[in-house]
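**Student:** Assemble chain B onto chain E, guided by the hints.
There are 2 protein chains.
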Amino acid sequence: MNSDGGVRRWSATDSSGGDGRPEIRLDDGCGGGSRYPHAWLRNNCQCPSCTSAESGFRKQVIRDFRFGSAPARLQIISNNKLYVKWDDSHESTYDLQWLLERNFNEGQERHENQQVKWTAESFSAIFRSFKYEDVIKSDETLLQWLETLAVYGISVIKNCGLEHDRVKELARRVAFLKKTQYGETFKVEVNSDATNLAYRSTYLQLHTDLPYYEYTPGVILLHCIVQPESSGGESEVSDGLSVCDRLKELDVDSYKTLSTVPVRWIDRGHDAGYSFHNIYVSPVICEDSYGNIKRINFSEHHRDSKFPVSIDKVHIWYDAIEKFVKIAYNNKIISTFKMQPGDILTFDNHRVLHGRKGYQGSRLLIGGYLDWDLIKSRTRVLQSQLSNKNNN
Amino acid sequence: MNSDGGVRRWSATDSSGGDGRPEIRLDDGCGGGSRYPHAWLRNNCQCPSCTSAESGFRKQVIRDFRFGSAPARLQIISNNKLYVKWDDSHESTYDLQWLLERNFNEGQERHENQQVKWTAESFSAIFRSFKYEDVIKSDETLLQWLETLAVYGISVIKNCGLEHDRVKELARRVAFLKKTQYGETFKVEVNSDATNLAYRSTYLQLHTDLPYYEYTPGVILLHCIVQPESSGGESEVSDGLSVCDRLKELDVDSYKTLSTVPVRWIDRGHDAGYSFHNIYVSPVICEDSYGNIKRINFSEHHRDSKFPVSIDKVHIWYDAIEKFVKIAYNNKIISTFKMQPGDILTFDNHRVLHGRKGYQGSRLLIGGYLDWDLIKSRTRVLQSQLSNKNNN
Chain E
1 MNSDGGVRRW
11 SATDSSGGDG
21 RPEIRLDDGC
31 GGGSRYPHAW
41 LRNNCQCPSC
51 TSAESGFRKQ
61 VIRDFRFGSA
71 PARLQIISNN
81 KLYVKWDDSH
91 ESTYDLQWLL
101 ERNFNEGQER
111 HENQQVKWTA
121 ESFSAIFRSF
131 KYEDVIKSDE
141 TLLQWLETLA
151 VYGISVIKNC
161 GLEHDRVKEL
171 ARRVAFLKKT
181 QYGETFKVEV
191 NSDATNLAYR
201 STYLQLHTDL
211 PYYEYTPGVI
221 LLHCIVQPES
231 SGGESEVSDG
241 LSVCDRLKEL
251 DVDSYKTLST
261 VPVRWIDRGH
271 DAGYSFHNIY
281 VSPVICEDSY
291 GNIKRINFSE
301 HHRDSKFPVS
311 IDKVHIWYDA
321 IEKFVKIAYN
331 NKIISTFKMQ
341 PGDILTFDNH
351 RVLHGRKGYQ
361 GSRLLIGGYL
371 DWDLIKSRTR
381 VLQSQLSNKN
391 NN
Chain B
393 MNSDGGVRRW
403 SATDSSGGDG
413 RPEIRLDDGC
423 GGGSRYPHAW
433 LRNNCQCPSC
443 TSAESGFRKQ
453 VIRDFRFGSA
463 PARLQIISNN
473 KLYVKWDDSH
483 ESTYDLQWLL
493 ERNFNEGQER
503 HENQQVKWTA
513 ESFSAIFRSF
523 KYEDVIKSDE
533 TLLQWLETLA
543 VYGISVIKNC
553 GLEHDRVKEL
563 ARRVAFLKKT
573 QYGETFKVEV
583 NSDATNLAYR
593 STYLQLHTDL
603 PYYEYTPGVI
613 LLHCIVQPES
623 SGGESEVSDG
633 LSVCDRLKEL
643 DVDSYKTLST
653 VPVRWIDRGH
663 DAGYSFHNIY
673 VSPVICEDSY
683 GNIKRINFSE
693 HHRDSKFPVS
703 IDKVHIWYDA
713 IEKFVKIAYN
723 NKIISTFKMQ
733 PGDILTFDNH
743 RVLHGRKGYQ
753 GSRLLIGGYL
763 DWDLIKSRTR
773 VLQSQLSNKN
783 NN
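As you go down the protein sequences, you meet chains E and B in turn.
All residue numbers for the first sequence refer to the numbering used here, where the first residue is 1 and numbers rise by one.
All residue numbers for the second sequence refer to the numbering used here, where the first residue is 393 and numbers rise by one.
The hints are simulated quantities; they were obtained by calculation from the structure and are not laboratory data.
Here the structure is a predicted model, which means the values were calculated and not measured.
Backbone N, C-alpha and C fix where the C-beta goes; we use that ideal spot for every residue, glycine too.
Each pair of labels, with its calculated beta carbon distance range:
id	chain 1	residue 1	chain 2	residue 2	range
1	B	Glu483	E	Gln340	42 to 48 Å
2	B	Lys718	E	Cys50	16 to 22 Å
3	E	Gly20	B	Asn722	25 to 31 Å
4	B	Glu679	E	Gln383	30 to 36 Å
5	B	Ser681	E	Arg172	34 to 40 Å
6	B	Glu679	E	Asp245	24 to 30 Å
7	E	Lys338	B	Asp479	33 to 39 Å
8	E	Trp98	B	Gln507	37 to 43 Å
Taking lysine-lysine and the DSSO-like style, the derived pairs with C-alpha atoms no more than 27 Å apart in a straight line are:
id	chain 1	residue 1	chain 2	residue 2
9	E	Lys256	E	Lys326
10	E	Lys179	B	Lys529
11	E	Lys323	E	Lys256
12	B	Lys698	E	Lys59
13	E	Lys59	B	Lys730
14	E	Lys323	B	Lys451
15	B	Lys451	E	Lys357
Just chain E, with the same shape it has in the complex (with noise of 0.2 Å):
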């Protein structure tokens, strides 16, 4: 039965469509239905020598793909299968519900998780913690914390106590921690050797990480060990996806500039046994094709004199950076808050522009990263098995 009560009863037409292609229509005699090209539908016949019974993968070998598929004959079978006898007398069956979860449709399913942007105002309205026992043993509050990371880009887990390897540990409730050449996991602290401008006591501006690398991590995980007790040491963050908005709003052609003009990132030095040499070369703002931004590269540290562009995009690009920083720095953005000892600060490297306050005294992180590959794999484990357990 259909929304409106009647029964659908289907048929399926052996068909063309307005440029003339050959396609299968189904319809539901109610006036809906839905169209399949020929090509499409043969390459993803679902009998066990097209498809692995194990993995549901495709077995065909595209070499071999008779493109020119054709249907011979049709038919539905008890209403809820399209049966198909192709011109070379191979034979599928499909489920009519799988199809109609197939209907071609421009743009869906490109975003899993609608990104929420904050400002100052709303920080600590979405700024969510779960407690670290919870997530190291309840999956729903895991799920619950990587789904507020995709959302929100940030979230803290308290309660972790003091020990070196709770970022190891929660890394592997996701999966694994990304290695870089700064080591699996890293000590932030006052270090007199690094070549690294987050070793010192100093301020430390607003920035992403590891800009210099194509695959940068995709969210950072900072375990705060040991923080000032006096003033000194307070995080500072701004959602980078806010701060373009309006930059966006305030001079789009600014927005553009950032969004297309390439910078040289760098990194130079020796850390963890590794020597390394790193470039990558990316504008600031970097969008994906639809036009969404798919990461901020953002680090004064990092960011090289030689600046591969002609002179007069040097000129728009420190105009255009000067409206960008002035946002992320505006008291409406910006947001300030103090780790506390035992707390995880995690957040997403591609969004999220964090900084911190300079100290006096002894503090410490350590620090690790997840890549999103891995935390949207896990994520749609997760939510697949609790959906199954809670239908159970």
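**Tutor:** Leaving out everything else, chain B in the frame of chain E:
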């Protein structure tokens, strides 16, 4: 002295460019010179309070940067330095050579290694082999291997022995293996439990690895431990850059289709202790903003039956992929060879399509991945070390 024998006598002028933007103009007294925007010059002051002496990185906090800085006084010192006193009394001194290396020029340094494309005809000439012992012991050979990978995208390391840790040892010469949900290293052998179709003895068609990762592995290392002595198990490779070139020549619309129509890549399964459900939506051919190919996604096993585009794009996509596949398998493009036990085949996963003929009997490869970020970093470090060594 410059090349025409005239003596350069440098002078500096506070000036403005064609659009009235403030800049400092350096003139060499022989009709040559270069221009530096005020903001860039002040932003790249090399004094100890602006630039870290240890790391060479910018220490300026951009929140506090005076974007409107102007020179109060300019002077050329000893004909090899530019001295600037700024209008806030800050003083900067720049080596002229350093400035000349930073002359603005659109598009410079975009590519460090020019990629050379190959076909079946040129394959034997570009398919270089190195000895394992040489790569392990000699930095010169290590650098040659890495440069070969960057330029040609494929190379083989011979005489590696049969120990199962060789891929890891080889990766250690560069940095470290990229871990994925298939483990740090993975065995390619017949495995009846496997959800991945590579773990069968049947024909494995041309593909790239892990297109369902946003951060897909850059380079594949495959160590051959066991190979059937009779026929079977031969490797097949096609240079994706050559395939794309040929497609563009034959049918530029099909090239555009494959470089713009999004495809859904998917992998669900369980391996190495991880359950995963990866999805990445991306065209087959990924171009950078300059129109250069940066990555090819191609894996029939992992192309989802869900195709989130309008039906007319489905039709033209199948037309285009048919042409792409015919070229990739054309005898003038595809090359076939048989790895010997003790070989490690290494190739660019963003570029080289690879597959394997079916076989009977035993076959075992141990695989691992390296990221281009690490390879390029190591290459630069080696180039610098060896150039210093050769100059001493």
